[in-house]
Amino acid sequence: MPRWLIAIGRLENLLISVFALALVVLAGLQIVLRLAENGLVWLDPVLRVLVLWVALLGALAAARHDKHISLDVLGRLLTGRLRRYARFVSLGFAAVIAALLCHASLGLIAVDRESGTLLAGAVPGWWAELILPVVFGLLTLRFLLRALIDLPPPTVPGAPP
Amino acid sequence: MSWLLGSVLLLLALLGAPLFALIAALAFLGMRAAGYDDTGVAAEFYRLTEMPVLIAIPLFTLAGYLLSESKAPQRLVRLTEALLGWLHGGLAIVALLACAIFTAFTGASGVTIVAIGGLLLPALQQARYPDRFSLGLITTSGSLGLLFVPSVPLILYGIVAQQMGTTPSVSIDDMFLAGILPGLLMIGVLAAYGMWKAPPRAHDQPFSGREARSAIWDARFELPLPLIVLGGVYGGYFAASEAAAVTAFYVLAVTVFIRREIAFAALPALIREAMMLVGAILLILGVSLALTNVIVDAEIPARLVRWVNAHVANKWTFLLLLNGFLIVLGMLLDIFSATVLVVPILLPIALHYGIHPVHLGIIFLANMQIGYFTPPVGMNLFIASYRFNTPVLALVRSCLPFFWLLLACVLLITYWPGLSLALL
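If you read the protein sequences in the order shown, they are chains A and B.
Position one of the first sequence corresponds to residue 5 (our numbering), numbered consecutively onward.
Position one of the second sequence corresponds to residue -8 (our numbering), numbered consecutively onward.
Chain A on its own, in the form it takes in the complex (with noise of 0.2 angstroms):
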């Protein structure tokens, strides 16, 4: 596998633990917060917000995994390059899908631009939207690539089956 390709998963991987440990720290931060008194009323929405976030990200590393749920039922009987016709077609029809997502999420972000509204204090709205078409941007050029080249799962030692 090309290096490039290796240090975007390791990227990847850094920014999904950044934000999922972000989440547990803040989360906890939060409770121990309301328990002395209130809390911070602007944290909520940034928790709601982050795991989004973090779940987005995990939908892209998915993506390089096979990970994303499917029946998946003709695929794994299929051998050689009838399962490569299998996977052009399936995997091409996300990539389509997850344009078509990355196209309508930028068309949220101009409206929440207009409206104005606020996440948090003085935050913009569409600031947190930004993630929408950034991964489903991705999304689509990694399942077009996985379309197009049999590129097999990076094996993960330990991981369940």
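Calculated directly from the structure, the hints in this document are not laboratory data.
On a predicted model such as this, the values are computed, not experimentally measured, just so you know.
Some hints here could point you the wrong way.
[Said to hold, decoys possible] FRET-style restraints, in silico, Cβ to Cβ: (1) Leu145(A) <-> Leu214(B): 44 to 54 angstroms; (2) Arg7(A) <-> Trp187(B): 58 to 68 angstroms; (3) Ser160(B) <-> Trp131(A): 30 to 40 angstroms; (4) Tyr377(B) <-> Glu118(A): 45 to 55 angstroms; (5) Arg7(A) <-> Phe198(B): 55 to 65 angstroms.
[Said to hold, decoys possible] Residues from chain A that keep clear of chain B, each with C-beta distances beyond 10 angstroms, as calculated: (6) Ala40; (7) Ile73; (8) Leu142.
Backbone N, C-alpha and C define an ideal beta-carbon position, used for all residues, glycine too.
Go by the hints and put chain B onto chain A.
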């Protein structure tokens, strides 16, 4: 036209297209047919950030992955064995309890069979339990505990049902309470069967106070966990989402910093594994929010209610059909997709027949639970076949008695609402 479309999507599904893409495709088509533009799908998807309880899913999933990578499974087995091993059939009961507790924390993802089953199968065989019984027990137990706090499917049902704004309403805490008695019923029935099938003088280790004390001490960091979750939520100290935060924080601190069973360097890959599952679930949940919106907008549930009402005479017939439908569904579809896709359609019909939404949730999950090992294509059959190097057909045969027993439990759970609703 719609037949052609349906066949194309079905073919794509069979070829292995990700389910989220199929659901999103339907949502896009529905939005356009209703005259909205695509932005609506993104807006519905983004409603994921308006659900305060959703945070419980990544946090509990992370805790489950950390626990299964640590030595907690071994300690859990040792502890239950020290406490219950002296009973006739004790080892079978140990297996049931250990699997149920572990599945509750990891959400029947097959991890239980791999982590706990791998430990217990050799022990069962050594104690001369029949091979077929042992394999069946472990495979069946891979989804036992689905009804107990804090299993992610239980939380997910609560979230989806909450979105529907039913009367009476559904809260995550309600789901946590409702699962207890039905879950205990299943364990009780299987435990009785285990005692009956246990070989004479099976594994009759006398109870040892010293081993019990030592096993308790060994598990001192894991023992507070059920207390944090159960006591915190039922005692009213925490909301479900907060219990998730405390659990994740605590498990992270114990496994990485106190016990140091998970190396710091291994943490990113492990977190990534957990978040891939979370991402896969939430992606499906997000696009199905959009699809549900389309479906409700097109008044499909209302039409379905009228149709079912015209063909299904009463509540009992409906429940019987429901059981059959859900077992097949659980066999074919994973529990997360089944929940987000089917519950929004099922709930209005069930309400029409006067079924409590919390009771429906327990029926739904109990059926899904046996779908996991229903022949011929239940997922856990394949995981166990892979893990124990046994042909799937042999596993199917060993699971059959367990299947009938749990089916009886499911029927009881279905037709006796009080069992689920008594603790609310």
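Hint by hint, here is what the structure shows:
1. Leu145(A) <-> Leu214(B): 44 to 54 angstroms: Given a distance of about 47 angstroms, which is inside 44 to 54 angstroms, the answer is holds.
2. Arg7(A) <-> Trp187(B): 58 to 68 angstroms: Given a distance of about 60 angstroms, which is inside 58 to 68 angstroms, the answer is holds.
3. Ser160(B) <-> Trp131(A): 30 to 40 angstroms: holds (33 angstroms)
4. Tyr377(B) <-> Glu118(A): 45 to 55 angstroms: Given range 45 to 55 angstroms: holds, Cβ gap about 53 angstroms.
5. Arg7(A) <-> Phe198(B): 55 to 65 angstroms: With Cβ atoms ~59 angstroms apart, the hint holds.
6. Ala40: holds (14 angstroms)
7. Ile73: Not fine: 5 angstroms to the nearest Cβ puts Ile73(A) too close to chain B.
8. Leu142: Answer for Leu142(A): holds, closest chain B Cβ roughly 13 angstroms.
Checked against the numbered hints given earlier, this structure breaks only hint 7.
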